[in-house]
Amino acid sequence: MVEYKLKTPIKEEDVRKLRVGDVIYITGLIYTARDQAHRRILEYVEKGQKLPVDLNGSVIFHVGPLMRKEDDNWIVVSAGPTTSTRMNLTTPKLLENFKVRIIIGKGGMSREVAEALKRFGAVYCHFTGGAGVLAAKNIRKVEGVEWLDLGMPEALWKLQVEDFGPLTVTIDSNGNSLYEEVGKKVKENLEKILQQIG
Amino acid sequence: MRISQKILEEVGVELLRRAAIILPKDVREALKSAYENEISATAKIELKNMLDNIESAEKLSKPICQDTGIVSFYIKAKEIPNFDELEEALRKATAEATKKVPLRPNAVHPITRKNPGTNVGEHIPNINWLPANIDHVEITAFIKGAGSENMSALGMVTPGLGVKGIKKFVLDTVVKAGAQPCPPIIVGVGVGGTVDLTFKLAKLALLRPIGSRNPEKEVADLEEELFKLINQTGIGAMGLGGKTTCLDVKIEYAHCHTASLPVGVNIQCWADRKATAKISPDGSVEYLG
Chain A
1 MVEYKLKTPI KEEDVRKLRV GDVIYITGLI YTARDQAHRR ILEYVEKGQK
51 LPVDLNGSVI FHVGPLMRKE DDNWIVVSAG PTTSTRMNLT TPKLLENFKV
101 RIIIGKGGMS REVAEALKRF GAVYCHFTGG AGVLAAKNIR KVEGVEWLDL
151 GMPEALWKLQ VEDFGPLTVT IDSNGNSLYE EVGKKVKENL EKILQQIG
Chain B
199 MRISQKILEE VGVELLRRAA IILPKDVREA LKSAYENEIS ATAKIELKNM
249 LDNIESAEKL SKPICQDTGI VSFYIKAKEI PNFDELEEAL RKATAEATKK
299 VPLRPNAVHP ITRKNPGTNV GEHIPNINWL PANIDHVEIT AFIKGAGSEN
349 MSALGMVTPG LGVKGIKKFV LDTVVKAGAQ PCPPIIVGVG VGGTVDLTFK
399 LAKLALLRPI GSRNPEKEVA DLEEELFKLI NQTGIGAMGL GGKTTCLDVK
449 IEYAHCHTAS LPVGVNIQCW ADRKATAKIS PDGSVEYLG
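Going down the list, the sequences are from chains A and B. The numbering of the first sequence is the numbering used here, which starts it at 1 and goes up by one. The numbering of the second sequence is the numbering used here, which starts it at 199 and goes up by one.
No lab work stands behind these hints: they were computed from the structure. For every residue, glycine included, the Cβ atom is placed at its ideal position computed from N, Cα and C. Where hints are given, some of them may not hold.
Claimed, not checked - DSS-like mimics (lysine-lysine), calculated; alpha carbons at most 25 Å apart, straight line:
| id | chain 1 | residue 1 | chain 2 | residue 2 |
| --- | --- | --- | --- | --- |
| 1 | A | K137 | B | K362 |
| 2 | A | K69 | B | K242 |
| 3 | A | K141 | B | K257 |
| 4 | A | K99 | A | K17 |
| 5 | A | K17 | B | K312 |
| 6 | A | K187 | B | K362 |
| 7 | A | K184 | B | K312 |
| 8 | A | K184 | B | K257 |
As the list claims (entries may be wrong) - Derived CB-CB ranges, DEER-like:
| id | chain 1 | residue 1 | chain 2 | residue 2 | range |
| --- | --- | --- | --- | --- | --- |
| 9 | A | G151 | B | K298 | 15 to 25 Å |
| 10 | B | N280 | A | Q49 | 35 to 45 Å |
| 11 | B | V393 | A | K185 | 47 to 57 Å |
| 12 | B | E208 | A | R16 | 49 to 59 Å |
| 13 | B | N235 | A | K141 | 47 to 57 Å |
| 14 | A | E70 | B | K223 | 24 to 34 Å |
| 15 | A | V145 | B | T310 | 20 to 30 Å |
| 16 | A | K185 | B | P413 | 51 to 61 Å |
Said to hold, decoys possible - Listed next, the stretches of chain A that the computed footprint assigns to chain B, with coverage defined by at least 3 CB atoms under 8 Å from CB atoms of chain B:
| id | region |
| --- | --- |
| 17 | 1–8 |
| 18 | 77–86 |
Same shape as in the complex, but just chain A (with noise of 0.2 Å):
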């Protein structure tokens, strides 16, 4: 287990090194994406539309934030991340077209999902379900948001971080996932308790 800072924009060298296990903290500008806003993006894609936001060297969180308005300034309130099994479905394709190289969430990503971080050069890193305030404890600013019709939880937030973590790198760049590793031996021990129980 290593620790790393890294800094956005990330580069591919970055993540490459990166194993599972290791934790990382981010600090720079990161950006929310849910169910919805993948749809979006992948729609753009379709349309030959430019992005409002730059994905390049970018880093993805998995979260549905609770905001609050205070004067004309969003604040985060509490922002731990979502599962991230919903993504599956739109994930390669965000990895195929933008170089993003980190995203975040928790419960994890498919085989397909691996196989992309693997072939694109990105990791996928976890962070504590349900700790919302503590991450919430290192966004410093809300630096604008996109897509807000899709409402707050859906919408695209950039955010600025320092320090954000730790996080777990749970699926790395050569393909290895922390999930099915557990997966394989959470199997094996079923087995064995329901031979147990007769």
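Position chain B relative to chain A; hints supplied.
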């Protein structure tokens, strides 16, 4: 016993604030001991983050998790206290708390997916009356996120499989859920009844504190056994592997048709958020725990 609408509304808002921000003591202690007993370095980071998050949420008066869930209320009383007013008061309290705490506006129309932005809608907040032979009124607010609720399952187990069938269904459900419901989880199980009752019992089981056992020995033994077996799966904190997959298993049962054995599994994430208030006949309010 009659309670003024104003008091009900105030209590409703305060309960939702407490539920969203302060994690009950039994859950904190269970997480603390999970952290102390954990060996895996990765799982230890997860449990430490949870404990730090709980502390920060209370200190900063912010919701523990951004998914402040769907709102349910449980009212224990000898008789329904002025029900029409009560429902109205708790709906108003939910909308008010959504603005004030704030809660994330999660409640949408299931077909159109339109979000009224208030967490109030058809049958939501989910208000339940629990008859009890007590002189006061007890109101519990229970907010539950989608990550864990989405992993719930109903099994119509073949009665011939007996207790083994119940165990297998619970274990399969937990393993299938894996990392997704934010473990360490708390498992509420309803056994028997008609299917609506099966799930109501699973929810009521979740309302019991961690470590409490069903008064019937056979049921309590099954709770203990499932608790141990689930922790042998190795799913661990946030599904990254480790010793603690669940903090407790709680079971409630109802008699059922001789040809049926319904089993309802309602999974609760580690952020088990609920708060209870006791309203005395003189109108005084006491927040419990």
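Quick rundown of the hints versus the structure:
1. As the CA atoms of A:K137 and B:K362 are separated by approximately 46 Å, the hinted pair breaks the 25 Å bound.
2. A C-alpha spacing of about 35 Å is found between A:K69 and B:K242, which places the hinted pair above 25 Å, so the restraint is violated.
3. Of the supplied pair hints, the one linking A:K141 and B:K257 holds, its CA atoms being roughly 20 Å apart against a limit of 25 Å.
4. A hinted pair counts as satisfied when its Cα atoms are at most 25 Å apart, and A:K99 with A:K17 qualifies at roughly 16 Å.
5. Our distance criterion of 25 Å between C-alpha atoms is broken by A:K17 and B:K312, whose separation comes to about 44 Å.
6. Restraint check: the Cα-Cα separation between A:K187 and B:K362 comes to about 18 Å, which is no more than 25 Å; the hinted pair holds.
7. Between A:K184 and B:K312 the alpha-carbon distance is near 40 Å, which puts this suggested pair outside the 25 Å criterion.
8. About 40 Å separates the Cα atoms of A:K184 and B:K257, which puts this hinted pair outside 25 Å; it is violated.
9. Checked against the given bound of 15 to 25 Å, the beta carbons of A:G151 and B:K298, roughly 20 Å apart, stay inside it.
10. Taken as a hint, the range 35 to 45 Å is violated for the pair B:N280 and A:Q49, whose Cβ atoms sit roughly 57 Å apart.
11. Checking the proposed 47 to 57 Å range against B:V393 and A:K185 shows it is violated: the Cβ atoms sit about 34 Å from each other.
12. With their beta carbons about 57 Å apart, B:E208 and A:R16 fall inside the hinted range of 49 to 59 Å.
13. For B:N235 and A:K141, the hinted distance range of 47 to 57 Å is not satisfied, since their beta carbons lie about 39 Å from each other.
14. Our hint of 24 to 34 Å for A:E70 and B:K223 holds, since their Cβ atoms are close to 32 Å apart.
15. Distance hint check: the CB atoms of A:V145 and B:T310 are about 24 Å apart, consistent with the given range 20 to 30 Å.
16. A beta carbon spacing of about 36 Å between A:K185 and B:P413 contradicts the range 51 to 61 Å that was offered as a hint.
17. Under the rule that three or more residues need a Cβ within less than 8 Å of chain B, the assignment of the region 1–8 of chain A is violated, with 1 such residues.
18. Chain B is given as covering the region 77–86 of chain A, and this holds because 7 residues of the stretch bring a CB closer than 8 Å to a CB of that chain, at least three being needed.
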